[in-house]
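Undergrad: Sequence:
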Amino acid sequence: MTTLAGKVAIVTGGASGIGYAMVQNLLEAGAKVGVADLNEEKLKELEQQHKGELLGVVTNVTKEEDIKNLVNKTVEAFGGLDIAFNVAGASKSGAIIDQPEEDWNFTVDLCLKGVFLSLKHEAKYMKEHGGGAIVNVSSLNAHVPMHYGAAYSSAKAGVEMLTKNAALEMSKHNIRVNAILPGLVSTPLTSGLTDVDAINEAYLERIPMERAGDPKEIAGPALFLVSEEASYVNGASLLVDGGWAVTGYPDLSKFITENRP
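For the sequence shown, the residue numbers in this note's numbering are 1223 to 1483.
Hints listed in this document are in silico derivations from the structure and should not be mistaken for laboratory results. Remember, predicted model here, so these are calculated numbers, not experimental data. No residue lacks a Cβ here, since even glycine has one placed at the ideal position from N, Cα and C. Fair warning: there could be bad hints in the mix.
SDA-like cross-link-like pairs, simulated, lysine to any residue; straight-line CA separation at most 25 Å [stated by the list, open to error]:
1. K1438 x L1390
2. K1342 x G1470
3. K1394 x K1438
4. K1394 x H1351
5. K1295 x T1225
6. K1266 x A1312
7. K1346 x L1390
8. K1342 x A1317
9. K1386 x A1312
10. K1285 x A1251
11. K1346 x V1280
12. K1346 x N1291
13. K1264 x G1414
14. K1264 x G1457
15. K1349 x A1227
16. K1335 x T1409
17. K1285 x A1227
18. K1394 x K1314
19. K1476 x S1413
20. K1349 x N1261
21. K1438 x K1476
22. K1266 x A1251
23. K1349 x T1416
24. K1314 x N1282
25. K1386 x T1416
26. K1266 x V1297
27. K1285 x P1322
28. K1346 x K1314
29. K1266 x S1408
30. K1314 x A1251
31. K1335 x A1251
32. K1314 x K1295
33. K1346 x K1394
Okay, the calculated beta carbon distance ranges per label pair [stated by the list, open to error]:
34. G1228 x E1267: 19 to 29 Å
35. F1446 x V1468: 20 to 30 Å
36. V1280 x A1420: 36 to 46 Å
37. K1394 x E1451: 18 to 28 Å
38. P1430 x E1262: 15 to 25 Å
39. P1322 x G1228: 41 to 51 Å
From just these sequences and the hints, can you work out the full model?
TA: Written as structure tokens, this is what we have:
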């Protein structure tokens, strides 16, 4: 287990799914964690469970003032910031010719702008305090398109390129920036699809390991990327998808009616 005793981390979208698994791993490794999410009830619950080790901050990652507040409160509570995982994301799907502009904006703002704003203010602090390590959560869909997922796939491709640009700009400040690209993972956000047997089977046909990943199986590699063992890994994109990228995305259009899943 990687030791992160004395380190301070931020996790956006940390109250559930992959983000929550990352929070758990950080705490187990000895880090103190500022957790950003919109779920105030869950954040309060986590604070009670991990008194003195975890700070919950209600945060809309698409609002710059919220991100500034998140960084400031984390630094005030724990004395610094060394690590960040930018996980928050969701999507509203739709065919390109039918998708409302507001659904496109919701998805791109949350998945790409939210990472940009988080990265901007995390790195700004790290630049002035000796450096750090940041991991942005992109997706297999940065490489593999999917029916009715143009907004999400485009945003996640943007996250991957943003990560590379950040690594290029920030290396001189001793800040490493990498991306992790999950495939299908069992989370509340994916259950609406995978709970439908026919859709789940279509996914599993394309995944050589024949199962969805567990959030912990994404959090583990992400923790490696911020560890000393990965000290020469920078600007990288780590696929964690059970081999899915070698087969392509299933055609889910036959399961979609009225341009909505």
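Undergrad: Confirm or reject each hint.
TA: Now for the hints, and whether the structure bears them out:
1. K1438 x L1390: Roughly 29 Å separates the two Cα atoms, so the pair is violated.
2. K1342 x G1470: violated (33 Å)
3. K1394 x K1438: violated (32 Å)
4. K1394 x H1351: Since the Cα atoms of K1394 and H1351 sit roughly 13 Å apart, the hinted pair holds (cutoff 25 Å).
5. K1295 x T1225: holds (24 Å)
6. K1266 x A1312: holds (22 Å)
7. K1346 x L1390: OK: K1346 and L1390 at ~15 Å, within 25 Å.
8. K1342 x A1317: With Cα atoms ~32 Å apart, K1342 and A1317 exceed 25 Å; violated.
9. K1386 x A1312: holds (22 Å)
10. K1285 x A1251: It is violated: about 30 Å lies between the C-alpha atoms, which goes past 25 Å.
11. K1346 x V1280: holds (21 Å)
12. K1346 x N1291: holds (13 Å)
13. K1264 x G1414: Answer holds: K1264 to G1414 is near 21 Å, not above 25 Å.
14. K1264 x G1457: Cα-Cα ~33 Å, so violated.
15. K1349 x A1227: holds (21 Å)
16. K1335 x T1409: holds (22 Å)
17. K1285 x A1227: Roughly 31 Å separates the two Cα atoms, so the pair is violated.
18. K1394 x K1314: violated (38 Å)
19. K1476 x S1413: holds (18 Å)
20. K1349 x N1261: Roughly 30 Å separates the two Cα atoms, so the pair is violated.
21. K1438 x K1476: Violated, because 31 Å separates the two Cα atoms, which is more than 25 Å.
22. K1266 x A1251: Since the Cα atoms of K1266 and A1251 sit roughly 22 Å apart, the hinted pair holds (cutoff 25 Å).
23. K1349 x T1416: violated (41 Å)
24. K1314 x N1282: holds (17 Å)
25. K1386 x T1416: At roughly 32 Å apart (the allowed maximum being 25 Å), T1416 and K1386 break the hint.
26. K1266 x V1297: holds (19 Å)
27. K1285 x P1322: holds (22 Å)
28. K1346 x K1314: violated (31 Å)
29. K1266 x S1408: holds (24 Å)
30. K1314 x A1251: Violated - the C-alpha atoms of A1251 and K1314 are around 35 Å apart, more than 25 Å.
31. K1335 x A1251: violated (29 Å)
32. K1314 x K1295: violated (31 Å)
33. K1346 x K1394: Roughly 13 Å between the alpha carbons, so the hint for K1346 and K1394 holds.
34. G1228 x E1267: 19 to 29 Å: holds (26 Å)
35. F1446 x V1468: 20 to 30 Å: holds (22 Å)
36. V1280 x A1420: 36 to 46 Å: holds (38 Å)
37. K1394 x E1451: 18 to 28 Å: holds (22 Å)
38. P1430 x E1262: 15 to 25 Å: Between P1430 and E1262, where Cβ atoms are some 40 Å apart, the hint is violated.
39. P1322 x G1228: 41 to 51 Å: holds (47 Å)
When the structure is compared with the earlier hints, violations turn up for hints 1, 2, 3, 8, 10, 14, 17, 18, 20, 21, 23, 25, 28, 30, 31, 32, 38 and for no others.
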